[in-house]
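Q: Here the structure of chain A is known, so what remains is to put chains B, C and D with the ligands in place on it, guided by the hints.
Residue numbers (our numbering), protein chains in the order written: chain A, 1 to 294; chain B, 1001 to 1294; chain C, 2001 to 2256; chain D, 3001 to 3256.
Keep in mind the hints are simulated off the structure, nothing from the lab.
Zero decoy hints are in this set.
Simulated crosslink set (DSS-like; lysine-lysine; CA at most 27 angstroms straight-line):
| hint | chain 1 | residue 1 | chain 2 | residue 2 |
| --- | --- | --- | --- | --- |
| 1 | C | Lys2075 | C | Lys2090 |
| 2 | C | Lys2075 | A | Lys46 |
| 3 | C | Lys2002 | A | Lys267 |
| 4 | C | Lys2090 | D | Lys3009 |
| 5 | A | Lys292 | B | Lys1046 |
| 6 | B | Lys1292 | C | Lys2075 |
Which residues of chain A face chain B? A partial, calculated answer using Cβ under 10 angstroms:
| hint | residue |
| --- | --- |
| 7 | Val132 |
| 8 | Ile201 |
| 9 | Ala209 |
| 10 | Met217 |
| 11 | Glu243 |
| 12 | Phe244 |
| 13 | Leu246 |
In this text, a Cβ means the ideal position worked out from N, Cα and C, and glycines have one as well.
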Amino acid sequence: MQFKNPVTTASGCFGYGEEFKDFYDLGLLGGIFVKAVTGSNRDGNKYPRMAETPSGMLNSVGLQNKGVDHFCSSIYPRLKDFNTQVIVNVSGSTIEEYVKVAERINELEGIHAIELNISCPNVKEGGMAFGVVPATATEVTKAVREVYKKVLMVKLSPNVTNISEMAKAVADGGADVLTLINTLLGMAIDAETQKPVISTITGGLSGPAIKPIALRMVWQVFRAVKLPIVGLGGIMNATDAIEFMLAGASVVQVGTANFIDPMVCPKIIDGINDYLDRHNIAAAQDIIGALKVC
Amino acid sequence: MQFKNPVTTASGCFGYGEEFKDFYDLGLLGGIFVKAVTGSNRDGNKYPRMAETPSGMLNSVGLQNKGVDHFCSSIYPRLKDFNTQVIVNVSGSTIEEYVKVAERINELEGIHAIELNISCPNVKEGGMAFGVVPATATEVTKAVREVYKKVLMVKLSPNVTNISEMAKAVADGGADVLTLINTLLGMAIDAETQKPVISTITGGLSGPAIKPIALRMVWQVFRAVKLPIVGLGGIMNATDAIEFMLAGASVVQVGTANFIDPMVCPKIIDGINDYLDRHNIAAAQDIIGALKVC
Amino acid sequence: MKKFAQDFKVTGNTRLNKRHFILELQAPVPLPEILPGQFVQVLVHNSPSTFLRRPFSIHFVDYAKNTLSLLVQVKGEGSRHMGMLNPGDKLNLVYPLGNSFSLPSAGKLLLVGGGAGVAPLMFMGDVLNKKGVRPDFLLGFRSADEVSQVDEYSRYGKVYLSTDDGSMGEKGFVTQNPVICQSPLPYDRIFCCGPDAMMHAVAKLAAGKGVACEVSLENYMACGYGVCLCCITPTDKGNERVCIEGPVFETSRLQW
Amino acid sequence: MKKFAQDFKVTGNTRLNKRHFILELQAPVPLPEILPGQFVQVLVHNSPSTFLRRPFSIHFVDYAKNTLSLLVQVKGEGSRHMGMLNPGDKLNLVYPLGNSFSLPSAGKLLLVGGGAGVAPLMFMGDVLNKKGVRPDFLLGFRSADEVSQVDEYSRYGKVYLSTDDGSMGEKGFVTQNPVICQSPLPYDRIFCCGPDAMMHAVAKLAAGKGVACEVSLENYMACGYGVCLCCITPTDKGNERVCIEGPVFETSRLQW
Ligand SMILES: Cc1cc2nc3c(=O)[nH]c(=O)nc-3n(C[C@H](O)[C@H](O)[C@H](O)COP(=O)(O)OP(=O)(O)OC[C@H]3O[C@@H](n4cnc5c(N)ncnc54)[C@H](O)[C@@H]3O)c2cc1C
Ligand SMILES: Cc1cc2nc3c(=O)[nH]c(=O)nc-3n(C[C@H](O)[C@H](O)[C@H](O)COP(=O)(O)OP(=O)(O)OC[C@H]3O[C@@H](n4cnc5c(N)ncnc54)[C@H](O)[C@@H]3O)c2cc1C
Ligand SMILES: Cc1cc2nc3c(=O)[nH]c(=O)nc-3n(C[C@H](O)[C@H](O)[C@H](O)COP(=O)(O)O)c2cc1C
Ligand SMILES: Cc1cc2nc3c(=O)[nH]c(=O)nc-3n(C[C@H](O)[C@H](O)[C@H](O)COP(=O)(O)O)c2cc1C
Ligand code: FES
Ligand code: FES
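For reference, chain A alone in the conformation it holds in the complex (with noise of 0.2 angstroms):
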């Protein structure tokens, strides 16, 4: 699988592409993750879905989507021609549903990889359950794997003692790409009115209050598992998007700078390319899991 260059956008945090287009040419993008599909209509979590935190933010969206049948109908046509790379964010409550989406997006020729979603902090019951457990992660993984034919990446979630060990269940489980890390689960509260910020009280904390956390786990499962990594985690310019490919990363995702600069990933692009020119560098894979550790 191929990426014209390693900045890809996060799931959830560029919809399916589309507004983005009013901004800028999505060619220019390595890869696209879109929103997350689930098995059925899901409304999502109740409003309000979002605090604003100290570097960071807060989200409860809660996987609202319409299901993976309208996804296949009415979106995956206006997806297929775009000119890079569109992954399939697969979510679920119930091994049946993540195996269900999984099945479904196998049969569309423009997809070439789904990224399973065992790590959202926000939805009841599934979601981070499955992320948390190596047991339950390699299952999952494993009942995907045997219907999806093509790359199966798996998003791990940070809100774990061991992220290395959550790495190998689902490397065995046959993940081919490992993508990390998904939002730490955080809480806000109004101090005026005593309540939580956010309908469902809890969620998840993303942007670059948590860069430190992300890179860190990056560069543990980088030394843990032979897989390939697509790092995130507050990236927020090309320096960010560098250290997370000296830590590990082949590839990287920007999620919430996209809400703070809606050219974000075009400029984050640019800088790589300068950071390769002015260190001499002669591609951007060069520099995956060099950091100097001595």
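A: Okay, now just chains B, C and D with the ligands, sitting in the frame of chain A:
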């Protein structure tokens, strides 16, 4: 054990209190949690020991201190007449070391509580290792409980899948009070030199960046375990402190904020009083766990 | 509709009263067509405590000067920082965002606004006038010292005033103003923007009298351009995005 | 020694060259006694990307005007923001921090500085003069366009110059300047502040010639007042805090 107000200072962020005498009267504080004390002298980690991160910092001090004998003979005499509670943060690499330190501190008349630090991410053996596995957390707590006769606080690590389970584990071991949270394990990279910023590669993340995670953990543990909670993680002002109390903390600690504003603790104390007045609340303890979740 | 993220130049910062000011912002390139009810997302640089952009309605557009204006109420850090901007300073905007009010070219229209919610109504008045329609305005403020720009609104239509304390115009909420209490209500459509409680009250009143009503919602937003799904409101079509399908909704469609 | 956290008022911002400027800051209350070699911790407000304070040596103290000055080199966000401050702006400082250079009241002294490391030497010169000692200065810069304030230093003692490219003074590092290459070296003590490599070179040279030497270290700091243990340097007494036991150390004590 009485605190004259709920604002105390976090271990490792306030030295042994003496440096702050140059700024204000320590008698204003609810309490002081002093720097970690171990069985014998430790030089700590190599320089560089810190990195700035978005709304936070990484540190890797590594429990530098002159050991418990030196603490008892040379430091305690200078602290014992502080007009506030002084709590000693007890650290170690083995259960025997924790026990030894606790035993010695138990003899000090002016110290009414220790805070067992089973959550330091910055030492190779011990430290965090005790704080991420329930059985070992119970074991070390139990061992210390046997020799320590006053108030036993245990400081939990946030680097776990299930914080409530850890809280229960140390409650089972005999803890009287839970402190949460210690730092999150993170990493910083200098893209220009392609090297880690701190000597130990990874370090502990503190500051406002981690506040949403800390708040969430305090709230989870408040509902899971019936022990008083000392809450901390990114508290910068009175509003933050109030949020922790609403989530369930009886007392708060202020850590990293002391580096940004040495006067922050007296300001937080005043700010909490203003808030109570403004909301017609009789006493700070009335807001403990008062979060309105409906 | 093409959208842009650009540095605007502050060309004016006029304080209306203690809590409100108007920022005039000049675009670096000729402004695209902008519709009344649309909004911008402001990047508040230089403020360590504002991470996300802040949404503000477009208060006025002057194509000749190539400027747009925002009417801002000071709420927290973001709006406070914006209030300290000086001519010459830069402000990054993402624009134009959202749908717009419907723009009837005939009929009797009532534009109801409260507090900073009056913001989009000035531009709406201007555009309606250009289409040959003179709407009525019903504007609500806290008290006389917050009443402002009445002369400007009067250029576009007749202005009715309410203040909470009765210090100017009618006393009480806008829904107590005689102009909106008439039965039957002699308007074909009401456009409303203001605090949630006011919009609910106006929507209910309009529904009771069988008059169509549009409101402009102010939900919390992360992106402002439809990709995060944070700003949703339940409608007859399920959860819709206030930043894309809105901010203006026909009240009959809302389940709020 | 009592320490303070106070808002100072910017009374001057003088650009020396592309990368350096001097901020003059007026204290809100009469300044306490300050010693040469001490530093301040600056809170860079309005910069979303500077969370921690930034340490800067005290470049000069004018008790009559109740001001202290900082000589700042633009490195990253923090120093860049400081460079944009205007007279009247506020800047919060924690001060006075750290120990100081030793202050001999007799003897031949050489003050060696490089780049922004020259900062504390101006104040040192002033204080020494007041004690009746006129030191020599050996100042190193990148090139002629970064050489500045030579007249001011000359007031306090004789000035020797080096530039990396030889565009003014001697060519090369300060350790190649004839004044410091003399054997025997006719100084009783050397005081040095500058880039790490320069301080190492000067320390080595001084040790080789049997001359006592003090350096002012610039380790990364979180607090600046001794409580975080982040800034340590290994000495003959173990790891010592650069912000409390330093920043000035007798080089014979350092294990760097
Ligand atoms: C489409 C849209 C158009 C808007 N148009 C205007 C306008 O023309 N003029 C104007 O003054 N304001 C307008 N607002 C509201 C404005 O966005 C908020 O007041 C602003 O974001 C507050 O930012 P702050 O940093 O000053 O306050 P913060 O510190 O973020 O918040 C201060 C207080 O304001 C509340 N608040 C924050 N964001 C919002 C929001 N999006 N909606 C409602 N309350 C909020 C918070 O709950 C808090 O109580 C609009 C909002 C939306 C969504
Ligand atoms: C006791 C002391 C006195 C100092 N006195 C002066 C002075 O008088 N004038 C002056 O210009 N500078 C002085 N410095 C250095 C100054 O603190 C840093 O240049 C400044 O903190 C950089 O902040 P920034 O936000 O501009 O850059 P950042 O974005 O924080 O960093 C930019 C670059 O500078 C480096 N840097 C950051 N902090 C330090 C530091 N503490 N020491 C060395 N390098 C650093 C970083 O590694 C990075 O490469 C002193 C430092 C110390 C510890
Ligand atoms: C509003 C929002 C919605 C998200 N939705 C999804 C989702 O549907 N599926 C998923 O795997 N991750 C989702 N995420 C997580 C992001 O893909 C990403 O893992 C996380 O935000 C960290 O990256 P960032 O800091 O760059 O945003 C969402 C994040 C945000 C902020
Ligand atoms: C420089 C530094 C040193 C620390 N040393 C200790 C320590 O010795 N023992 C301990 O239990 N926690 C230590 N901590 C963790 C803090 O006590 C606190 O748990 C953490 O910083 C989160 O709180 P904050 O965000 O308010 O700083 C240290 C933190 C910092 C920043
Ligand atoms: S604010 Fe992101 S979808 Fe509306
Ligand atoms: S900087 Fe904190 S001890 Fe020196």
